[in-house]
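Q: So you can see what is in the structure, the chains are spelled out below.
Protein chains: 2
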Amino acid sequence: MLNFKFSIPTEVFFGKGQIKVVGEQVRRHGGTRVLICYGSGRVKQQGIYDAVCAKLAEKGISFCELGGIEPNPRIKSVRDGVHIVKSHGIDFIMAIGGGSVIDCAKGIAVGACYDGDPWDLYLRKGEVKGALPLGVVLTLAATGSEMNGTSVVSNLETKQKLPIRMPFLKPRFSVLDPVYTYTVPPRHTAAGTVDIMSHVYEQYFSPVSGAFVQDRLADALLKTCITYGPVALKDPENYEARANLLWAGTLALNELLTYGKTGDWGTHMIGHGVAAHYDVTHGVGLAILFPHWMDFVLGEDTQGKFYDLARHVWQVPLAMDRMEAAREGIARTRQFFTELGMPARLREVGVAEDMLPTIAKTVVEFGEVGVFRKLNEKQVLEILKKAY
Amino acid sequence: MLNFKFSIPTEVFFGKGQIKVVGEQVRRHGGTRVLICYGSGRVKQQGIYDAVCAKLAEKGISFCELGGIEPNPRIKSVRDGVHIVKSHGIDFIMAIGGGSVIDCAKGIAVGACYDGDPWDLYLRKGEVKGALPLGVVLTLAATGSEMNGTSVVSNLETKQKLPIRMPFLKPRFSVLDPVYTYTVPPRHTAAGTVDIMSHVYEQYFSPVSGAFVQDRLADALLKTCITYGPVALKDPENYEARANLLWAGTLALNELLTYGKTGDWGTHMIGHGVAAHYDVTHGVGLAILFPHWMDFVLGEDTQGKFYDLARHVWQVPLAMDRMEAAREGIARTRQFFTELGMPARLREVGVAEDMLPTIAKTVVEFGEVGVFRKLNEKQVLEILKKAY
Chain A
61 MLNFKFSIPT EVFFGKGQIK VVGEQVRRHG GTRVLICYGS GRVKQQGIYD
111 AVCAKLAEKG ISFCELGGIE PNPRIKSVRD GVHIVKSHGI DFIMAIGGGS
161 VIDCAKGIAV GACYDGDPWD LYLRKGEVKG ALPLGVVLTL AATGSEMNGT
211 SVVSNLETKQ KLPIRMPFLK PRFSVLDPVY TYTVPPRHTA AGTVDIMSHV
261 YEQYFSPVSG AFVQDRLADA LLKTCITYGP VALKDPENYE ARANLLWAGT
311 LALNELLTYG KTGDWGTHMI GHGVAAHYDV THGVGLAILF PHWMDFVLGE
361 DTQGKFYDLA RHVWQVPLAM DRMEAAREGI ARTRQFFTEL GMPARLREVG
411 VAEDMLPTIA KTVVEFGEVG VFRKLNEKQV LEILKKAY
Chain B
61 MLNFKFSIPT EVFFGKGQIK VVGEQVRRHG GTRVLICYGS GRVKQQGIYD
111 AVCAKLAEKG ISFCELGGIE PNPRIKSVRD GVHIVKSHGI DFIMAIGGGS
161 VIDCAKGIAV GACYDGDPWD LYLRKGEVKG ALPLGVVLTL AATGSEMNGT
211 SVVSNLETKQ KLPIRMPFLK PRFSVLDPVY TYTVPPRHTA AGTVDIMSHV
261 YEQYFSPVSG AFVQDRLADA LLKTCITYGP VALKDPENYE ARANLLWAGT
311 LALNELLTYG KTGDWGTHMI GHGVAAHYDV THGVGLAILF PHWMDFVLGE
361 DTQGKFYDLA RHVWQVPLAM DRMEAAREGI ARTRQFFTEL GMPARLREVG
411 VAEDMLPTIA KTVVEFGEVG VFRKLNEKQV LEILKKAY
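Which chain is which? The protein sequence lines are A and B, in order.
Counting from 61, one number per residue, gives the positions in the first sequence under the numbering used here.
Counting from 61, one number per residue, gives the positions in the second sequence under the numbering used here.
If you are wondering where the hints come from, they were derived from the structure by calculation, not from laboratory data.
Any given hint might turn out to be false.
No copy labels: a pair is met if it fits in one copy or bridges any two.
[Stated by the list, open to error] Straight-line distance between alpha carbons at most 30 Å, and here's what the computed BS3-like set of lysine-lysine pairs gives:
no., residue 1, residue 2
1, Lys76, Lys189
2, Lys119, Lys76
3, Lys146, Lys65
4, Lys438, Lys421
5, Lys104, Lys294
6, Lys446, Lys76
7, Lys219, Lys76
8, Lys365, Lys80
9, Lys365, Lys76
10, Lys136, Lys104
11, Lys65, Lys80
12, Lys434, Lys294
13, Lys219, Lys189
14, Lys104, Lys65
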């Protein structure tokens, strides 16, 4: 186990009706003029937007809005937001939505404290020492962005999708009401479940040994997704299923699983490469790529981690040969994604075969990806071809 | 799953050599005059005390000490500490030790902000709105006090052992260096492992249903104890074992397992009743009492939780009858405690049989205990007799 510093300052208000705290929490963190960020009209139809406005107004807090933030959020939206913040004296950012809206809101929060173009920060060209405080009302179980300091943003002009990670981007508070996820369409419920599982896998597959407690916590979150993903698909208003998925999604990426380890994140980098060229839903891309990544990296040296996963999560028979069990675990993962209705091939989501070399080049733009198994351009291309 | 507010502000510096942060962290939280609390001479012999002093001195922070804090810390030590704090203008408390030292330090931290006798606070007679900031250097994997807001203190005169829980008692930072636990004697390593498992059980056995993710996180911590407790006993300087136990102990009682549920805590209340009359090590008392509590509450209505535990943690065969599996899980728990060298009977730790009714009376002094199964005086006495 590696040394680590545990620091999770985000306060989470979890459960039905917790939106009631929004006004007092914004006030507590010094907010007086708020920019509300959101994506689709769903948050307006459902009354979540109005509820947030009402809670802010109750506390005498003024606000303006930036709507229409897209999935795989664009740097253009971040720039638009920064412009509003700077021209309206905004001092607090509220994100209402899923990971894309939150990631964009984080870009705005940090961009507001930077003099140049916010894309510089994603390119590691600019330096910044803080961000505006951020609050979240979450509407989708998926990315974990509601409790971490990461923002991933796409630049359509340069065909790049890049992350920044800064401790001060961790939201001050997040409201997690499972009821707000009742109306998430089946396809996004499934993609969100895959997304959560992928985050767990990225951290589970680590070259660091001896982080047993973290690995078993990973099992717990995977079992939760496997148990409740299908329930939420069949019965969208099942509070227990929605609550367990929502909390698992947050815990999967609030650093709990990664303290004391290093995650792999190679598959995410490949997914980002695909997303830079095609508008593929994040979780859908990962559902296609992960089983192929697993096939690719499974070997005598890596078999142990796959075996443990098969035994603890998929409960393969203890008597099964270790390599056979490892393969069975991968097969069960693939089968589970299929049962969730996920596509299994890149060709099914509109990717053109002759674009695969370009995607591979994008993936390794800043060097090899992955640490459990380092991947160069050739290896990335091989995985992309297998997944095609 | 119940609504909850997640708030874990304590920062943990985990791993070998992390003591280096002590000076800067005390400074960061406004400390200029520190009271260092510790228990036995082990922290001096091992150089931990000197290392803390050196780090404070480097930052120009003055300090004085309160040593000799006993296991099951007494209100007298709290009073002594409060006296020192008030007479020396202390503004920060550093605890070096295990749960007893930390609990006493918390009593001092809050007692310093109260005009009356600190025991009032444990009796819920006094009111207080804050505490001095607290830092911890942990030397024992057991109580989880290093990351929560609970303090349990004994009053030998009134034969009471009572807890207080206040969010502002959560330490500002805790240093967790597994190397510091290398010299923990086997008996305390075993008792600490039981203590961690007991905390998990108290939260696992909840009347709240549908908190699946929390229950599976509980499994993860139990598996960690079962895997590494015996390793640490055989090979005290095994870093991996000590690190996993240390981190599991902290996660077992930093509220992660209990958010969205209510814990039982009946067995702890019985243990506190015993400890109010006899100086029994906390973990030893729990090792004796828990299997008997489990026997007592197992029934058709409670069988499900026992069955899940047996299946997920002890991996009993899936084909086994549910009630049989539930009993097997309890038998395996009892056997594991015995393998750790724990006594199985109260008579083995010096408790007099004719004191059992008095202990039962102490336990229910403030009413029935437990919520998974409420226990009155008669039922507590029955458990005590079975455990005798």
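Q: Go through the numbered hints given earlier and state which of them the structure violates, listing their numbers in rising order.
A: Those not satisfied are hints 3, 6, 7, 8 and 12.
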